[in-house]
Amino acid sequence: MSIVTVRNLTKTYPAFKLDSVSFSLREGRIAGFIGRNGAGKTTSIKSMLNLVRPDSGEIIYFDMPLKDNEAQIKSRIGYSTGTVNWYPRKKIRDIVNVEKRFFPDTWDEGSFRKYMTMFSLDEDKTPLELSEGMKVKCNLMLALSHRAELLMLDEPTSGLDPFSRDELLEVFTELKRQGVAVFFSTHIISDLEKCADDIIYISGGRIAAAMPIADFRVKHSREGENLEDTFLRLEKEARHA
Amino acid sequence: MRNILYKEMKLSASVLSWLFIAFGLMFFIPNYPVLCGVFFVTLGIFQSFQNARETNDIVFSALLPVAKRDVVKGKYLFCCFIEMCGFLVMTAASVIRMTLLKDSPVYLGNTLMAANPFALGMALLIFGLFNLIFAGGFFKTAYKFAKPFVTYIIVCFAVIGVAESLHFFPGLEKLNAVGTDEHALQLSLLAAGAVLYVLLTLLSCRRSCARFEKIDL
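Heads up: the protein sequence lines correspond to chains P and B, in order. The numbers in the numbering used here rise by one with no breaks, and the one at position 42 of the first sequence is 42. The numbers in the numbering used here rise by one with no breaks, and the one at position 180 of the second sequence is 180.
Hints should not be assumed to be uniformly reliable.
Below, computed lysine to any residue pairings styled on SDA-like, alpha-carbon distance capped at 25 Å [said to hold, decoys possible]:
(1) B:Lys214 with P:Pro14
(2) P:Lys236 with P:Ala214
(3) B:Lys73 with P:Ala214
(4) B:Lys140 with P:Leu66
(5) B:Lys73 with B:Met1
If we take Cβ atoms under 10 Å as the criterion, some of the chain P residues that face chain B in the derived model are [what the hints assert, rightly or not]:
(6) Tyr13
(7) Phe16
(8) Lys17
(9) Leu51
(10) Tyr79
(11) Asn85
(12) Arg89
(13) Ile95
(14) Tyr115
(15) His187
(16) Ile189
(17) Ser190
Bear in mind the hints are in silico, worked out from the structure with no lab data behind them. Even glycine gets a Cβ: it sits at the ideal position worked out from N, Cα and C.
Next up, chain P with everything else stripped away, as it sits in the complex (with noise of 0.2 Å):
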C-alpha cells in the first residue's frame, strides 16, 4: 500500500523552481530523499506538510488527499526537523503535555518513556539548554511518541554524534519491522548505506531518481564507486550538463 504519492509537485521561487517533483513511499519502507544543499529538499518536505503552498500538483496520504484532510493525515505522520527551535525557555515536560492533547488515541506514553531514556532527555530541561544534537533528539521523541505510520525526517541526523546515529538508525529499522514508513532528508551518504530500502535523488529541483537502493546501484554506480562517489560524479556532471 502506498503511504504517500507526490504527484508533479511545483513550486516556482525567483531563484528557484521545484520541477515536478514525483515519488511515492511504500508502508515498511526507509526512504531517503538525498540531494545538495538547495536542491529542493526542505521545499518539497514543508509542501509534504502544507507548510509551503505548491504552485500544482498533489500529495496523498493514505489513500487521501492532503488538501481535503490535512488534520487527519497529521495525526497519523510524525515530523521531526534538527534545525527549528521551538519554544526555548518552555520545559520539555510543558510542551509535550501540550503535544500529547492532540493525539488522544494514539499518544504512547510508553515510547515517550522509552525515547526519553534512550535519548537521554530530561523533562525539566528547556530547550534552551540542550545542545544542537539534543534538541535533535527532543524533536525526534515528539515524533516517534504517538504511533505514526509514517515518519518523515528533515536531517534527522545532521548535529548528532556518531553513537546516536547509528542508534537513530537502529530506531529506523525497528520502526520498519513494525510496517512503518521513514522518510528522511539527509546529506549523509553512509546513512542511506545503513538503513535505506529506497532512494529519492533530488537535483537542482527535479527528481533525478527514485528507486529502490539495489537498481540505483546497478543502473548509476560504475565499478568500484561507493554510493558516495556516484552522488559525486552525478552532482558534477549535472553541473556540467
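Guided by the hints, dock chain B onto chain P, whose structure is given.
Just chain B now, with coordinates in the frame of chain P:
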C-alpha cells in the same frame, strides 16, 4: 479547537496578556479616559503575538494535527478570550460605578466619559478593530506586526478621542448618562458595539484564514 486554545494559553501566551486584563479596572478611574484600559488589554495580547513569533509558535502549531487555518482560529480564539476577560472586568467596574458608587462625589464631578453601557460598547468596537487591523494585518505575513500595530494604535486613539468628545456636542449628552439613566439608548449602543465586535472579528478571521493558507512557512 479546545486543544489549540489550550496550546495558545500554555505555550505561546505572554504572562503580560493575563496581567494586562487588570487594566479593565481603569473603568474605575474618575476624570480619566477610561477607554485607555481597552488599549492596554490589547497591548497585552500584542505581547503574546510577539512571544509567538520569537518562539516559532506558528510553525509548531501548523505541524500539529490540525488544518492550517485552525492555527489562525486558535489565535483569534485566544484574542477573544483575553478581550472577553477584560470586558468582564470593565463591565463589573461599570456596574459598580452605575449602582453602588452612583452618588459618589468622585464620579459626580467627572467631566470625561462615564463608565456606562455606551463606554462598554465602544470598548467592544475597539476590540473588534484590534482583531481587524492588528490580527488581520499580522496574518498577511505571519511574522510582521509593527505596521499593523502602529496602524491599530492610531485608529484606537482616534476612536477613544471621538468617543470622549461626543457627549460634549449638543444633543449627545445622553451618551454620558450616569447610573441607569437613559438605559434604553445606552443598552442599544452596547448591543451595537457587540454586533460590530462580532462582525469585525469574523470578517478579519475569515480573511486571515484565507491569507494564511497562501503563506509559505
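Discussion item. For the restraint on Arg89 of chain P, tell me whether the closest CB of chain B is nearer than 10 Å.
Written reply: holds (8 Å)
Worksheet item: Can the restraint linking Lys73 of chain B and Met1 of chain B be considered satisfied, given a maximum Cα separation of 25 Å?
Response: holds (8 Å)
Worksheet item: Hint check: is the beta carbon of Ile95 of chain P less than 10 Å from a beta carbon of chain B?
Response: Holds: closest Cβ of chain B sits about 7 Å from Ile95 of chain P, inside 10 Å.
Worksheet entry | Per-residue hint verdict: Asn85 of chain P, partner chain B, C-beta under 10 Å | holds (6 Å)
Worksheet item: Is the straight-line distance between the alpha-carbon of Lys140 of chain B and that of Leu66 of chain P 25 Å or less?
Response: holds (23 Å)
Practice prompt. Sort out whether Ala214 of chain P lies within 25 Å of Lys73 of chain B, counting only the CA atoms.
Written response: Violated: Lys73 of chain B and Ala214 of chain P sit about 47 Å apart, past 25 Å.
Worksheet item: With a cut-off of 10 Å, does the beta carbon of Tyr115 of chain P approach a beta carbon of chain B closely enough for the hint to hold?
Response: Hint violated; Tyr115 of chain P Cβ to chain B Cβ min 18 Å, cut 10 Å.
Worksheet entry | Interface hint for Leu51 of chain P, Cβ within 10 Å of any Cβ on chain B | holds (4 Å)
Fill in: Restraint satisfaction for His187 of chain P [CB to CB of chain B, less than 10 Å]
violated (22 Å)
Worksheet item: Within 25 Å, alpha carbon to alpha carbon, are Lys214 of chain B and Pro14 of chain P?
Response: Given pair Lys214 of chain B, Pro14 of chain P holds - Cα atoms ~17 Å apart, limit 25 Å.
Worksheet item: Regarding the hint that Tyr13 of chain P lies at the interface with chain B, is the smallest CB-CB distance below 10 Å?
Response: holds (9 Å)
Item to complete: Let me know if the C-beta of Ser190 of chain P comes in closer than 10 Å to any C-beta of chain B, holds or violated.
Response: Hint on Ser190 of chain P: violated, closest Cβ of chain B at ~28 Å, above 10 Å.
Going through the hint list in order, the structure does not satisfy hints 3, 7, 8, 14, 15, 16, 17.
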